[in-house]
Amino acid sequence: MSDNRQQDDKLFELLAEQSDQAQEERAPARLKSRIYSALMRREEESGPLRALGETRTQGYGLCVFEELWQRATSGEAAQRFNCCNLCHARVLAEHLQRAPIYWENCPYVTFTKTRKAED
Amino acid sequence: MEQERLEAPETEVLSAGSHEVSDRDLIAEVLRKDRKATAEFVARCADPVYSYVRHRLFPRADLVEDLVQEVFLAAWQSLDKFRGDSSLRSWMLGIARHKVEDHYRSQLRELPIGEEDEVEGDGPAGSYDLEEAIATRQAGQMARETLADLPESYALILLWRYWGRRSLREIALETGRTEKAIERLLARARSQFKKRWHERQSATRR
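Sequence order for the protein chains is A and B. Position 10, counted from 1, in the first sequence is what our numbering calls -4; the numbers after and before it change by one each time, with no gaps. Position 183, counted from 1, in the second sequence is what our numbering calls 1215; the numbers after and before it change by one each time, with no gaps.
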């Protein structure tokens, strides 16, 4: 290997290291929303979701729409249905970076607020 | 190796409202198809994966979001393999690295790389300019801008070799090219990078 190439390799490696130290960039909220919706579709396709009641038992909060859905519907299938499919919040969040949705415990709202733990 | 840069020191425990879970417990909940755990999984990993992919695919911003989504879908299919030996972040970044390399591989297989071209000389200022600027805070930004000016095959080979820390031999094997061809492509890419870096720097000094 020539000295020039070795020197170049060293320089470019240093440059790569330097530019990798740049601050972590946040993913757009609408991208997180789309990813979440895609994963939920996959989960539904591979079998029923965990029932809303079980989710609550695990310590997660339900949003106002999920609460309503849980009370208004009966039967195992309805409790395991992804009711976000019917919710306007999902549609807005998948298309707008700053979707005007503010429901507590709505996953799509969470994506607009997510911060790293150390923040 | 780049793997070392991907590793985080310990398992992260982040907060999802009042609900705090370790990476391993979170994944167990996702595997039970808990919708809130799935949301937490996305919230926890999207930023580092997005940031990594964006930097490695630069300047192709148009491909970033699709590739990030692919990373999550691939991860979801292999979630049962996550053992918690490394952090979820490192595990996800490992998958992202494979996806990015798949992109490099397919692009370098398809793009013409002009194996017969001669390598241009650096000119007197080439390496000196770069060496002088590396320690400055603007170096990273300027590197990205310079990469964006290059033909796609040059940007890809530089990213793969130096940012992805792969050897010439590995890249040659992955792309089905000879090591010599990859070496020549890389030499031309470095030469063009330095030339454009120099032009950019001269323009800022004026």
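The reader is advised that the hints may include incorrect statements.
[As the list claims (entries may be wrong)] Derived SDA-like pairs: lysine to any residue, alpha-carbon spacing no greater than 25 Å straight-line: (1) B:Lys1227 <-> A:Arg28; (2) A:Lys(-4) <-> B:Ser1234; (3) B:Lys1113 <-> A:Ala63; (4) B:Lys1212 <-> A:Gln(-7); (5) B:Lys1113 <-> A:Arg28; (6) A:Lys99 <-> B:Val1053; (7) A:Lys99 <-> B:Asp1079.
[To be verified] Not everything, but these chain B residues come out facing chain A in the computed CB check (under 7 Å): (8) Thr1070; (9) Tyr1082; (10) Phe1104.
[Unchecked claim] Every beta carbon over 10 Å from chain A, so not counted as near; a handful from chain B, in silico: (11) Asp1079; (12) Glu1142; (13) Gln1173.
These are calculated hints, taken from the structure and not from any lab test. Note that the Cβ used here is the ideal one computed from N, Cα and C, for glycine as well.
Each hint tested on the structure:
Between Lys1227 of chain B and Arg28 of chain A the CA atoms are separated by roughly 48 Å; this puts the pair beyond 25 Å, and the hint is violated. Distance check on the hinted pair: Lys(-4) of chain A and Ser1234 of chain B sit about 23 Å apart at the alpha-carbon level, within 25 Å; holds. The suggested pairing of Lys1113 of chain B with Ala63 of chain A is violated, with an alpha-carbon distance near 29 Å, which exceeds 25 Å. Taken as a hint, the Lys1212 of chain B and Gln(-7) of chain A pair is honoured in the structure, with Cα atoms around 19 Å apart against an allowance of 25 Å.
For the given pair, Lys1113 of chain B sits about 17 Å from Arg28 of chain A by alpha-carbon distance, which is consistent with the 25 Å threshold. For the hint pairing Lys99 of chain A with Val1053 of chain B, the CA-to-CA distance comes to about 18 Å; that is within 25 Å, so the pair holds. Distance check on the hinted pair: Lys99 of chain A and Asp1079 of chain B sit about 12 Å apart at the alpha-carbon level, within 25 Å; holds. A hinted interface residue such as Thr1070 of chain B counts as satisfied when its beta carbon comes closer than 7 Å to some beta carbon of chain A; here the least separation is about 5 Å, so the hint holds.
At a threshold of 7 Å, the smallest CB-CB gap from Tyr1082 of chain B to chain A is about 3 Å, leaving the interface hint in force. The restraint placing Phe1104 of chain B at the interface with chain A holds, with a minimum CB-CB distance near 5 Å, inside the 7 Å limit. Distance to chain A contradicts Asp1079 of chain B as a non-interface residue, since its nearest Cβ pair spans about 5 Å, not more than 10 Å. Against the 10 Å criterion, Glu1142 of chain B stays outside the reach of chain A, whose nearest CB is about 24 Å from its own CB.
Some Cβ of chain A comes within 10 Å of the Cβ of Gln1173 of chain B; the nearest lies about 8 Å off, and the non-interface call is violated.
When each numbered hint is compared with the structure, violations occur for hints 1, 3, 11, 13.
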